[in-house]
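**Q** If you're matching them up, the sequences are chains V and X in order. Heads up, the first sequence is in the working numbering, so the first residue is 1 and it goes up one at a time. Heads up, the second sequence is in the working numbering, so the first residue is 1 and it goes up one at a time.
Bear in mind the hints are in silico, worked out from the structure with no lab data behind them. A few of these clues could be false.
Cβ-to-Cβ under 10 Å is the rule here; a few derived chain X residues that face chain V [to be verified]:
id, residue
1, 198
2, 222
3, 229
Here a beta-carbon is modelled for each residue, glycine too, at the ideal position from N, C-alpha and C.
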Amino acid sequence: MGLDGDAAQYCCTVRGDLVEGVSLTGCLLSPSSTSFYQDGASTYQECYGNPAPKPSALIVEEELNSAANYGAAVPDASKPAVLLREYAVNIMGELEGAYRVNINTDANPFYLYCTGRGVVTDNAECRRNSCDDTTPDFVVYDGVAEGEFCYHTCFSRNDA
Amino acid sequence: MAPAYLLVAVAASVVMSLAVPSVGDKFVQRSFYHLDSSCSVTPLAVYFSRWTISNPTCESRARTCSVEDDEFYPNQYSTAECVIFDDPASSAPTPGSHPVDFVVETVFNIGSDCDNSNGANNYYYHALDVCMIDVDDPTSYMKYELTDTHIVVKYNCDNTCTTCSLTPQTYDRDSCSYDRMWSYYESPKTSFFTEPTTIIGTPSAAVSVSQSRDCYAAVGQTVLGGWAVNDGSDDVRAHSVEAKARQAPRH
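Chain V on its own, in the form it takes in the complex (with noise of 0.2 Å):
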């Protein structure tokens, strides 16, 4: 993972701020109650270790490099049975977990790669966080309507 030396490597999953010595993570600046890294003012949690490969991952070789700013689309495809965050994705240089949505037909497949789940709000827009953010780019399978599961922060290959 590009770090050397004789150290223990660990993969942190959420960066917050530290304040007063404390963590404070999320759009809410929650205190966390976990323990975590330290890095100049900024704070690493819920870390991971033991790296190793993984044959039966789902990784998409190719930089993601172009944001889906579709608006609520919704697929021609059908919905698959279950929808994961499955998929190893580079968005632009940065790693990240991302469910695959196709927003075509299943015969002709385009996919788009949502790093964020999310509910359809009341005005048909895509509730990201605990703080009401929302987005009018998403992805929902069963209609736009309120309270369902909705797909946010896509993208997809410049060249798809």
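Position chain X relative to chain V; hints supplied.
**A** Coordinates of chain X only, in the frame set by chain V:
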């Protein structure tokens, strides 16, 4: 009027460029062959085919996942993509970041002795240590294996490749065998951090932290991106209760 010395230089460069044999020849299609109909599982083979840039166009060679109907890969699904690769005849293009190693079969188009003078090779990547359907005989299975000195190809096998009725073919590694070279490609492995870790000491100063998300964590089937943290301090090293018995590796 351009100076005479400049005209001579231009003429010389034209002659030199005409002497380069493979102008316009590029590898522009990389095909992946899978057993699953969504082309999600690691490919069993990757094939580079050579076309010129203009005919057909690179873009026209791209193909989404579809059932393969050619004679070489029956009962498989394939995707193809446009990859422009100048063929220097000195190195193979790479098959992408799949977590599997490959045997590389480099085929030289001019007769024998692996003559690469026209710079026009095709490259086949075969998954290593995978028992797969034999594309030449779909009723049997085959497997590519590696030793320190040889590539071993087992044919006419059962579906576990433990019993094979034909004598395995062996090829010297990195040596020419008539019109092709057999070699080994170790894929770069993407690592996933999988063991939940509790940090002791609050806050713990990290030795170094990545500036951007540059690692993956895997929790069951869920993948998360994260920041790689280097922790070199023995008294604050992160570990979990379970990890005490199986300490995270030190590098």
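**Q** Now look at each hint and say whether the structure bears it out.
**A** Hints versus structure:
For the restraint placing residue 198 of chain X at the interface with chain V, the shortest Cβ-Cβ distance is roughly 7 Å, inside the 10 Å limit, so the hint holds. The interface hint given for residue 222 of chain X holds, since its Cβ lies 5 Å from the closest Cβ of chain V, which is under the 10 Å cut-off. Because the beta carbon of residue 229 of chain X sits about 5 Å from the nearest beta carbon in chain V, less than 10 Å, this interface hint is met.
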